[in-house]
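Turn these sequences into a full structure, and let the hints steer you where they fit.
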Amino acid sequence: MSAFKLDDKTRKEFKNAESNENCLKCHGQSKYSYDNPESGQVVFRRMYSEAIVNRDLFYESNHRQFKCTDCHAEDYDTFPHPGRLRMETPYACNDCHGDDPAYEKFKFMQIEEEFLASMHSTKHSEDFTCWMCHNPHTYKISARTEEKIKDIVAYDNAICLNCHGDINEYQLLTTKVNPNIIKKHDWLPNQALHFTSIRCIECHARTSDSLLVSHNIQPKSKAVKRCVECHSTNSILMASLYKFSVKENRSKTGFYNGVIMNESYVIGANRNFYLGILSMAMFAIVVAGIIIHASLRILKRKK
Amino acid sequence: MAEKLYLYPLWLRLWHGINAILILCLIITGVSMQYSSPNFNLIRFDIAVSFHNIAGMILTANYLLFLIGNIVTPNGRYYKMTFKGLFDRLKKQFVYYTMGIFKHENPPFPVIKERKFNPLQQFTYVGAMYIMVPIVIITGWAYLYPELLLTKIMGGGGLKVNDFIHVIIGFFLSFFMFVHVYFCTIGATFVSNFKSMINGFHEPH
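So the sequences go chain by chain: A and B. For the first sequence, position 200 (counting from the first letter as 1) is numbered 200 according to this note's numbering, and the numbering increases by one without interruption. For the second sequence, position 107 (counting from the first letter as 1) is numbered 107 according to this note's numbering, and the numbering increases by one without interruption.
Check the hints yourself; a few may be wrong.
[Stated by the list, open to error] Incomplete in silico selection of chain B near chain A, CB under 10 Å:
| hint | residue |
| --- | --- |
| 1 | L12 |
| 2 | F178 |
| 3 | F190 |
For the record, the hints were derived by calculation from the structure and aren't laboratory data. Note that the Cβ used here is the ideal one computed from N, Cα and C, for glycine as well.
Now the structure itself:
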């Protein structure tokens, strides 16, 4: 989904786009050039991959209205950048969001609590920051904005796979061998379908009633492995993946209209309320008919 | 009392017995899955899924046996429907079932060698065996290969449409089965129709 046509004209609508372009003209691409006053020549250099910011993704992200120097030092305005800036400590989410009442509904403080209790934080301590999963240049909330479950799933799972599917990223934090995700999930029926329909966190994070997205990633011993946890009338997906749409659309009859109308498919969880009542009634009538008939015939025989 | 008629050959009785067991297994496991909950399961979910899948596969093979049997033996002719005057015949049988039977009237379409089913039976059996069972089998097999169903149909996923068809037809078939069992008790005696399915002979009224 893209709400913006990210051509040059549209980008200019973002209030800091023009000043950001001073940074992005180099950091927005894989190579940059500068006039070397020593040699008097124009020099081309490759941009260090970690320092590349994708313009399109940035202007779709939640931070798109920011000026680069809102978060980075003003000294970055000069080129070449002073060497000490390499040691700059980036902001953490709660440096901005923690006390801001405008973001209260997102419950950043509670997210931090959950994150600190999670495997990611307890195993890797301060080495593991919010940025490991949420790139501040590209991050956007998806669970509330995307209409298609599949898009939410793809976006969120890509966050996990960024490390769990990439040995170079994974080994920034650990010397362990990155487990083969496909092999580890061999037991899962219709594996490919599960991977594209369900977020990793549905099984690997503790469900939270008060948060839309749980950040408390559990050890693998506590991962959901019972099919029925999802494939049931009380599916945990109702409290996680479908939470937002169910909350928005649930009707008083308990008929999961919001879920029925989207792309979800989970046996049991999406049973039709009215069909259930109808089948129960028909079943009761037939059973009653059989009992009455049998009783009458037995009574008649006795006479 | 009229002669006993040998209407149900061995292959048909075997097919019918296997079909009955499989359908019961499919209904019980299907209902268990549909109404599953982490706190209570009629049958543990993964076991219900396995049994449902296996029973569905055997049912497919058994259904092919039924089709072949109806092609190579005379049994198939009982399912050949004549549409002309069908409504009147259905009405006549319906009136008999709802009123005539209680007044001890003679059945309008008694069982004879050439006519095993009365019009209502024929209509429902053809609907069940030649329309509903194939649909439930096809949608059931489609479930086993869900990646083939990931196409968009009318704004929803293919799986959901398949789900609704499978569950709704499954529901009608289970309903058919209960009514079928119920009507079997309206034989010469309460159990005579059940006996027929064991010895092959139809016991007339």
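Outcome of the hint check:
{"no.": "1", "hint": "L12", "in the structure": "violated, 24 Å"}
{"no.": "2", "hint": "F178", "in the structure": "holds, 4 Å"}
{"no.": "3", "hint": "F190", "in the structure": "holds, 5 Å"}
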